[in-house]
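With the hints as extra help, turn the sequences into a complete structure.
Here the protein sequences line up with chains W and R, keeping their order. Mapped onto full-length UniProt numbering, the consecutive letters of the first sequence carry residue numbers 1 to 431. Mapped onto full-length UniProt numbering, the consecutive letters of the second sequence carry residue numbers 1 to 416.
Because the hints were derived from the structure by calculation, they are not lab data. Be careful, since some hints might not be right.
Computed footprint of chain W on chain R; a stretch qualifies when at least three of its residues, placed anywhere within it, have a C-beta under 8 Å from a C-beta of chain W [unchecked claim]:
#, segment
1, 92 to 106
2, 241 to 248
3, 323 to 329
When the alpha-carbon atoms are kept at most 20 Å apart in a straight line, the in silico EDC-like pairs for lysine to aspartate or glutamate are as follows [as the list claims (entries may be wrong)]:
#, chain 1, residue 1, chain 2, residue 2
4, R, Lys-310, R, Glu-346
5, W, Lys-174, W, Glu-212
6, R, Lys-356, W, Glu-138
7, W, Lys-419, W, Asp-335
8, R, Lys-396, W, Asp-425
9, W, Lys-174, R, Asp-354
10, W, Lys-417, W, Asp-371
11, R, Lys-356, W, Asp-231
12, R, Lys-249, R, Asp-204
13, W, Lys-194, R, Glu-367
14, W, Lys-272, R, Asp-354
15, R, Lys-356, W, Asp-425
16, R, Lys-210, W, Glu-144
17, R, Lys-310, R, Glu-367
18, R, Lys-356, W, Glu-173
Even for Gly, the Cβ is constructed at its ideal location relative to N, Cα and C.
The residues making up each chain are set out below.
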Amino acid sequence: MAGAALRCPGCPEDKLQTLTEDLTCREAQAGTLLTLMGEPDQYSYPSVFIYGHRASGKSHVLLTLLSQLQLPHAAVSCVECVSAGLMFEQVLSALFGADAASLLPRAPSLSDFVRIYRQACVQHPAQHTRYIVVERAELLRDMEANLLPALLRLQELVDDNVTVFLLSEIVWEKFRPNTGCFEPLLLHFPDYTKAELLHILSRDTHPSYTPELYSSYINILLGVFYSVCRDLRELRHLAALNFSKFCEPMERGEARESDTHKLWRNIEPHLKKAMQSVYLREVSSVQWEEQQQMDEKEATALRGLSAHAHVELPYYSKFLLIAAYLASYNPARTDRRFFLKHHGKMKKTNFLKKHEKTSNHLLGPKPFPLDRLLAIFYSVVDSRVAPTASVFSQISSLVTLQLLTQVGHSDQLDSPKYKCAVSLDFILAIS
Amino acid sequence: MTAVGPPCSSESSFMSPSMNAFLSEYDHMTWLKYIYDRTVHIMSKRKSREKHLTVGECVSQVQRVLRERFCHQRLPDKPVGLESQYKHLLELLRRTAVHGESNSVLIIGPRGSGKTMLLRCALRELLELQEVKTNILQVHLSGLLQTDDRIALREITRQLQLENVVGDKVFGSFAENLVFLLDALKKGDKSSSRPVFFILDEFDLFAHHKNQTLLYNLLDVSQSAQAPVAVVGLTCRLDVLELLEKRVKSRFSHRQIHLLSSLTISQYRDAFRAELTLQDDFPDSKFSQEWNLDISKLCEDKSVDEILQKHYNSSKDFRSLHSLLLLAVSRVSVSSPTLRAVDLLEASRMSSADSKGNILHGLSILELCLIISMKHLNDIYEGEPFNFQMVHNEFKKFLQRKSHSIHNFEKPVVFK
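So this is what it looks like as structure tokens:
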């Protein structure tokens, strides 16, 4: 990749060289950032908003730039800062040292923060632009209403040469408060293209194999996964997990490094299986690795997380659940036809029911009253069931197991309404 | 490209304490020359490198000047296009400062229309008067920072440096503070006490405080003959008076200064030119002349004019112009020391980029397929809400009919 893309007045060449190596495929963005920041002692724009997909290198690029060039900066993540006070404390201690942060009162308001920031500024006047990097900035919207507008115009409020970077996956239009605010500069980090992904992923090679082999492996991996997933982290994780399987034929001596076709044939079904298990986190990566070592077992012989969905229920609970499912996914007007008539027609109605169910399935379950549930329950169960306390308590315990949900908490005892919250596969397994 | 470093190091060498001793050894003429050199910011002692250094340094100077103009919102000498409002405000503030008359005024205008700039200009001019400078007190409050009356009151006592302030700590409860402050304001009268300017930024946020106690008290003081105060509110809401309670509203003087941007396109062009033009006090006069010549050439460029027209149509405020110009100016470097139309074009492209389109561009094929099927659903059922089941069904139909099992993914994969 082009190495000379980064240049910036006022910072040494050799550092830029190492920076260029660190930020592969992000030269254009890093260059824009550098020109925006300008020389360290010049003013920079009050706030910059950077958006892009997950794992497109937003915080990586920004933080490498700031730390390599040794600019004073404070990086806070909104996930960690559950309250604004924590954020103020982190910013102050990163920019001015711990004693400035200790000046904050117990429950600091924005006013306190700005006042102490100003004081600290007077003591340590800025030679360089100070930077505040706020990661996961979408969470700022859920904090105090004034925090985001105040951060955006922090430069004006504290009267210091400070720039606030906001990093987010959400576009700026969703941030704007309704009374407006100081508009930040918007900067987009585009996603990596396939070639760039290939380039980045092939950088971390395996020591005992040639880089060419590894990059061909990455090529195969991308061929399988690229249409589903473009997340660099996910892909890197998958690449690391499956590489040992890829190398097996060579270790066993069945193939050489040049037999790409053979290797491809060996790995491809394996990767496809990985998409259904590891990618969805049904099988954890540790289990996946163990499986590859055992090898004689089939790859998905282990039951994943979702296969554990089967729950052992008591006899009547099963029927209750089936009744609830029937009540949820069938319209009430067909009840008479399905459940009242004699048993000779059951087969036919079953067929009809299925036909209707598929169309109803799309819209999700409908709520039904308790009376209807019990009526269907009695018609489904062949024997006589007394409406004992245990039957009713089983209904409420189904609610606590989240197999049923109660709709509209208006009335607890008088005709409560329920919804059935289980899938078709689950019900089929039970029935 | 290598000779860019010096400005920082040269600045620091000026500051060094050994400089005085160093200077004293020189005779008067060299000293004068040194001063001249300093003002012109040409640091090189060797003639041969002078030219090259100057370019790098000039560019860095230009960046410094313009960046300060765009980012830090340095005050202009006179507010442009707001002469009558400026005169009005200045007269009002002067009457409070000199004659001890209490006033209240609201400056209303959309975001980025220069409310703060207008006020700061007026205050700056006012403070040039000798008698005013020593006399008045200023209290700056912002609705963003002082989110309730308690905090605002503490801030007022702090900024007025009243007796219950030690260092910057304020003692006393909210009620005590209020009583104390009101007493202090009441005790004064027109002739003896110093006038106080209350400047309330984001005035509409103060109107959301409980009972609007602060506003009531401030406006009450300005209404009755107590210490002379001027309450200046800055807001971007046109209906701000509707937010006020009746008792607060009746005490407000209903003086409003509207800053509705009345720029025409030709004024906008002039503003564009003025923003980029270097002042006479720029150290290197030759470079600044060249630069200004380039700028006026740039203003006549057809493509630049188109960009300006586009921006003018989308918004007339100065801030968007500033952000556009900053993006353009930041591309000026040693290798291309003038601002070109290409830079502006690039900046305009960057600032008007469609962010949702950008995000959409980064999705994987599967996600795009799902979005297309959602679009189908939306077309067929016209705005009805849909769930994953329906989208998946639509997607499956697409798979069966059109694509030949290429994108045949399991349901959980699609769900993810």
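Consistency of the hints with the structure:
no.: 1; hint: 92 to 106; in the structure: violated (count 0)
no.: 2; hint: 241 to 248; in the structure: violated (count 0)
no.: 3; hint: 323 to 329; in the structure: holds (count 3)
no.: 4; hint: R:Lys-310 x R:Glu-346; in the structure: holds, 14 Å
no.: 5; hint: W:Lys-174 x W:Glu-212; in the structure: violated, 44 Å
no.: 6; hint: R:Lys-356 x W:Glu-138; in the structure: holds, 16 Å
no.: 7; hint: W:Lys-419 x W:Asp-335; in the structure: holds, 17 Å
no.: 8; hint: R:Lys-396 x W:Asp-425; in the structure: holds, 18 Å
no.: 9; hint: W:Lys-174 x R:Asp-354; in the structure: holds, 13 Å
no.: 10; hint: W:Lys-417 x W:Asp-371; in the structure: holds, 9 Å
no.: 11; hint: R:Lys-356 x W:Asp-231; in the structure: holds, 18 Å
no.: 12; hint: R:Lys-249 x R:Asp-204; in the structure: holds, 13 Å
no.: 13; hint: W:Lys-194 x R:Glu-367; in the structure: holds, 16 Å
no.: 14; hint: W:Lys-272 x R:Asp-354; in the structure: violated, 36 Å
no.: 15; hint: R:Lys-356 x W:Asp-425; in the structure: violated, 37 Å
no.: 16; hint: R:Lys-210 x W:Glu-144; in the structure: holds, 17 Å
no.: 17; hint: R:Lys-310 x R:Glu-367; in the structure: violated, 34 Å
no.: 18; hint: R:Lys-356 x W:Glu-173; in the structure: holds, 9 Å
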